[in-house]
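For reference, the chains in residue letters:
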Amino acid sequence: MTAGPVTTAAVRLSGASAPPALVRRDYRFELIKLLTQWPIRLVLLACWLGPALLVAVISQQSALPADTLFGRYMSQTGWAGPLVVLSFSGTYVLPVVTSLVAGDVFATEDRLGTWRHLLVAVRSRRRIFAAKALASLTVIMLLAAGLAASGIVGGLAAVGNRPLVGLDGHLLAPGQAATTVLLAWASVLAPTLAFAAVGLLGSVAFGRSPLGLVMPALLALLLQIAQQLPLPVVVRVALPSYAFIGWRGLFTNPAQTGPLAIGIAVSLALAVAASALAYRLFMRRDFTDLAYDGVGRRVLVGAVLPLAALFAVTVGVIAGATPASGSGIDGAKLDRSLATAYAHIYRMQTRELHRPAVTEAELRARASCNKGDGPGANVGPGNDWRCVVTWQLPPSTAIGSAIYQLDVNPDGHYVADGDGPPLVNGFFEIQTSIGEIPNPLWEFNGQVDLLTATSPR
Amino acid sequence: MTETLTTPEPLTKPETLTVRARGIRKSFGEVVALDGVDLDVAVGQVHGLVGPNGAGKTTLLGVLLGLAVADGGDLEILGSPVRRTLALPDGVTGFVDGPGLYPSLTAWQNLAALARLRGDGPDGIGDALEQVGLTDVANDRVRGFSLGMRQRLGLAAALLTRPRLLVLDEPANGLDPIGTRHVHRVLTGLAARGTSVVLSSHRMDDLAALCSEVTLLAAGRVVFSGPVSRLASDTDELDYRLRISDPATARQVAAQTPELRVLEDDDLLRRHDAEALLVRGAVPAVDELVARLVGAGVGVRELAPVVAPLEAAFLALTATATGPSQDGDL
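Which chain is which? The protein sequence lines are A and B, in order.
Convert by adding 3 to the 1-based position in the first sequence; the result is the number in this note's numbering.
Convert by adding 2 to the 1-based position in the second sequence; the result is the number in this note's numbering.
Any given hint could turn out to be false.
Just so you have them, the derived chain A footprint on chain B, three or more residues with Cβ under 8 Å [to be verified]: (1) 92-105; (2) 114-125; (3) 238-249.
Simulated from the structure, these hints should not be mistaken for lab results.
Virtual Cβ for every residue (Gly too), placed ideally from N, Cα, C.
Assemble the whole structure, with the sequences as input and the hints as a guide.
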């Protein structure tokens, strides 16, 4: 405790640089602070255990969540469970956990009144920002990893490592399913990163105000509502939340990578921009102002307007770089998508009924989709799409036909509901040599590539 | 009584100063928090900052800790000029607006985390806790600590950094007499070993017990800076309360005593003692009164200032510079 003599030579100025070793120390400190909070511990536990339990239990039920993507396949393969968890996580869980962690990592110091203590101890705002950002990112990645791993373990343990039906009806072998599921989970890390950055920005900008804490969740809710609106496709894929659903394109053959790549790029751009704005606000903050409770109006200029400008630029770039227009959904795209899916699933049904093998090429399936009863244009989402699928079963020259009602979502995902004839797609179950099993043609999911150009029939 | 005392040029040589501030100015928008503040703190000195709410004490402490940079003026700490926030030499520590502890961590964990931030091991933690009298609660979470315990733990955290300049904002807040004794012992010990301490306090008794020099701030300006003893002696007239055997005679004697006024404040009398006599005057006049009372056969049972000299000086010096007390401190 002895103080040394006061000599200029002995004086070392602190805070001028941020060597990695110092950042590591600060990072550890921030990580300890986060991991000693009970809410964070509970969320970690829930993320690592909850999905496994849910998937295991739901997979054994007779009524499956067919309205959730891949939910209808939960009793058939262990790879459907983690995708159901992924769908749910992208909509609700990941934005909420980023709120809890990143949205609070700066604000907690305001609540506890520890900023001045921390600044005096660390002496570098840059290091504090880096340590807090890295620590919150680590916890968020731990939470995301828990959701993925838990869902996978639960599905494989309860149902097994079996093939998965893709979103165009083609069958993914277990190995391929595993790879694609992992890729899908990896793809949502980009939007998670973006929401975490928004959380950091909210946490820095609003101080003790709960607005900062709920900012990612609020943004997710707004974007969720926006995704349901009939927006032009270039606006839709420019929304940061699109990357949370872009992974669906990985489950078609060929994969619809365009929307996914754009979604990831948009997310990363938002992550960088929001982090930079948070850093700027943090570096400019006056810590002697004891009454500080957020930067109020400056949030508009310092955060909201730059992010809105980024969004406008993104829309412009996507509009210029892609051939898509309007909603991205039209009759020709649905014709192709439905015919492809029908052919794949018809083949699957043929196998399950132990009928002579047939290939998709031999079936020559065609579809013709029309929207509504009136003479309006065959474009846009809606549940009033009616499609007729025709096919041939060689060597017969007779043409079979089946009717489907399509409920097409604005994001390109659709549910095809069989409307007859009864022996093809009219019954929920079919009779096989091992008993009654779900009829794959009765109802199935599909995905339209929103970004491909519209082509005439 | 209320004139501003000028600060003489310091006699201390610059190389023996831990803090040398000249003309420090700091504003928050339209509000001027510091308006040309000079401050010298010598090596091993415990220096008190005192002033009414809104005087600029916390702002000045924040500037000394590097939390804010002054808008104008020159500041040297430990011989180094300070021109950017947080760009302080090693050896400067302390706290403003509370000691800043993490409630989910134990006392030990709080200090260990701080030590790790500095790249140190846990070696000094036990000693620091012992010095502030918190060894018994080392493994308790800070969530359950009283304000006084938190203040002491904050001091322990400061001790861990082996400071050469310790800056403390209201370190005596919430302390019981035992806690106060611990804190006083630690601070005087640090000063004896060469650490300079700058602390703010509203408690004049703390300042009198701890500080060799004090600086009085009012409305962002220095109204006094110098030894505590000079502050007390510069106070001319004080109010005194006397308990006497014969109040009526004593009142007559007092009225005839030169340079002494008998106070007729009924409310003041009621609050203290209906049988007491209240007078206002300088020490020689009060001495004269006592002599006259004894001469008149009036027994003087008690004589005490109504307000302590330091407090009276504080009130007198800050009365004209401020106005009504403001909420919060700048």
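Original post:
Which earlier hints can't be squared with this structure?
Top reply: 3
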